[in-house]
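**Student:** Sequence lines, in order, name chains A and B. Under the numbering used here, the first sequence is numbered contiguously, ending at residue 475. Under the numbering used here, the second sequence is numbered contiguously, ending at residue 461.
It is possible that part of the hints are untrue.
What the hints assert, rightly or not - One-sided and incomplete, this derived list gives chain A residues near chain B with beta-carbon spacing under 8 Å:
(1) Leu78
(2) Ala124
(3) Thr206
(4) Gly224
(5) Pro227
(6) Ala284
(7) Glu286
(8) Thr411
(9) His426
Worth flagging that the hints you see were computed from the coordinates, not collected in a lab. From a predicted model like this one, the values you see are computed outputs, not experimental measurements. No residue lacks a Cβ here, since even glycine has one placed at the ideal position from N, Cα and C.
Now for the letters of each chain:
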Amino acid sequence: MTGMTGLSLLGDVRVLDLAGEATAQAGRLLADLGADVVLVEAPRDSPARRRAPLATTPSGDVVSAHFAYTAAGKRSVTVDLANARGQALFRQLVGASDVLLTDAAVGEMEALGLGYEALHAHHPGLVYTSLTPFGLTGPRRRWRGSDLVGWATSGAMPSIGDADRAPLAPGGGLAHTAGALNASMGIVAALMVRDDTGIGQLVDISMQEATMSVAMEVSPMVVLEGGFDQHRTGRRKEGGPLGHYATRDGAVSIVAYMPEHWRILAEWVHEETGVDEILAEEFAGTPVTRSPYSELIDLWIEGLTTRYTKQAFFEEAQRRGITVAPVNSASDVLDDVHLQATAGWTAYEGPGMGTLHVPTPPFHIDGSTATVGDVPALGEHNREVFVGLLGLGDQDLQRLQRDGVI
Amino acid sequence: MSAAPMSELPLAGIRVLELGYGIAAPVAARNLAQFGADVVRVESLRRPDSLRLGGAGWLPPNVDASVRRDTLPALNFSSAEKRSIGLEIDSEDGRAVFDRMVAAVDVVITNMSERALTELRLRYDDLRVLKPDLVHVTLPAFGSEGPYRMYRTWGHNLSAASGVDSLIGWPDREPVQIGFAYPDFVSAQAATVAVLAALRRRKATGQGAHLELWQYAMTLSCLGPAIVAAQLAGRAPSALGNRDADCAPQGVYPARGTERWVAVSVPDDATWDALCRVPGLEHLGSDARFGSLQDRCADHDALDDELAAWTVERTDWEAAAELQSFGVAAAPVLDSWDLVADPQLAARDFFHALPHARFRRDLVFGQAVRLSETPPRAERAAPAFGEHSRDVLRDLAGLDDTAIDALVDAGVVHVMEHDDVALERPYLHWLRKLQRLLPWGTPSFDPATELMHQLADAPEPPE
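Take these sequences, add in the hints, and give me the full structure.
**Tutor:** Right under this line is the structure:
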């Protein structure tokens, strides 16, 4: 279990990942922890491989960055689930697996004869995991979703953005990620029960609820009691400093919530820019006491921050004990000195994409970190899985291939 | 509450000590409690949880801190289902008790800083001598190695550092901040997965685990696709408002009323065709400007104007329901009030009104992980500070009342003070009235009013 071979906590678990968008990060996380995750893709044109964000490679091909990240470490087989022989093959595959992971809409799997009831009867130990926009029950169970719809129904959006424009959702597919994390928790919890009873169960994740689960600060009572401000104040909260402040080359995020952090910051402003008034007693304490003076405070703070680069300000602020970080882009992080010093990046070859650097998975277990496997070609593991695992003959395989089933 | 489970909960019989601050470790431990573990928060007055520092905004200023610290609503999402002991582990007697508790549990989880873990001797090597098969979990912000390992952060700082904030904003303005602690919550959830997996292994092999979940790395991994896209494109993706590259139209459009909005996503041609069948939007189908996805992306502003002219004539719910009836992904932008009144959440019993030592009952967020045969536990709201100190010392440290009294007298153990002081959140009745103003109340069943009845009229919870 130790050594440089990555993590194998879930080494005994096989996951069938139906290559959905919302569930992609769940399969990836389980693979990081050692599970054998098998993508089940459509034989000829797999939508998972055209999923945004897209990028154009140096050779001019349009490729899916989403797939290049989320499919790493998974195996790929192809099965046409609309075909009766494909469905039979899939049921065989289910019989040899522990977990099914799908974001199919309500009723879609049932229409193929592959719903929970049918598969559970066939393989009672199966953990059947469904991630849908609103869950499998309730009046909105048939509503369609998207990452944006996840955020819209989470309660979080009215607090994000600028007051003079519409509420904003975060980018980057982060609602789907929340759904995937909840699916992952449900899967391992259900496996623990199955270890004892031999019986699997249905894990029913709603994107709405999952997105709420990463935004619980925006709960009705927290908002009511003033613990969370449900107004859009853009880059900063009033009073502060709580938010983004300009530097010479970008912005820093300052959270001077604790009175002690304000005191240190005020003394630093005074020391470098000569502003005496900032030391006044009426500004001391938490941000609430400073909210009538927000504009003045912001001016003074940026008088200091704009003397620095964001990295230099970050390091000096941390040296002084203030909670500050740079506002980084998805490219800036590649140059981060901490990540470079801690093996924070893992490199692998993306098919046709050259070497990709991805964040090293966050799990450090018994001194080991996860290794990240390759991105599979479409159907790369058909033989390995159908012949090696399910025991099909070479002729069966050729016939299935010829008939377009795999 | 859900039907009785057919099987024991996944973590039945598992005991957890949590030394948690704010969100990351407490929320992970709360997940474990909802999955059936007996989770004990070890709380300190010398190093208090930040959520114990404040209190309900409506409390008069003269209310004692010993009552105030039990009243912050955020404690219900961080610590419902747990027990609480007040214990100063940096005293000799307190540490002796703590060590006995460690020997009696299966998991210790904390998000103390790297500095504090060393000072308080709470590292894996310090504790596994007491319990060789311990699952020991920390959640360092930047990691236990590297130049930033001692740096202090809040969730807001980590979301900025990892690139989350850079993807929120309008193309013509600077990015904005996400405003809540996304990194803490996703780290809590990833840690929960790892603890479950480690406990599963322990059951099979008897082996404990030394588990660290690095929060910065976790937040970065959520943005993995964007980071890969940045490398392939040779530049960082920027914030696009509510749009996505390669998807149009997508946005948040004004609905009738003040601050009412509807979100709409049209990712592909099939959905576009569906949108063009919606009464009042049929003309879009023959508009040459919007013929292909590429055209729609190029002329997105004009498309937004067309959609906004349609949505603004309708309420957010009318617009969303009509679009959905044609197969277009859409939803109102809900605020926190709408959540309490949401019939979908009510139909799935998402919110609970659960017993609370100060409030009789309090409003608690449900668990998003739904397991058909072992539904997560929803039995009690957050504990008062030290509410279970005596029980925990009897159960986990094997102490008798005399020994416990001595520790309380010495200030090493704290018990819940003024346990006769019962409070009521003053807005419950107002909230009940407000319900009539909300858009989706039905005469037969109003979920929010139902919840508020449960909160206000419930009998005293059993001892």
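**Student:** Indicate, hint by hint, whether the structure satisfies it.
**Tutor:** Hint check:
1. Leu78: 4 Å, holds
2. Ala124: Status holds, d = 3 Å.
3. Thr206: 6 Å, holds
4. Gly224: 5 Å, holds
5. Pro227: 4 Å, holds
6. Ala284: 6 Å, holds
7. Glu286: 4 Å, holds
8. Thr411: 4 Å, holds
9. His426: 7 Å, holds
Consistency with the previously given hints is maintained throughout, with no hint failing.
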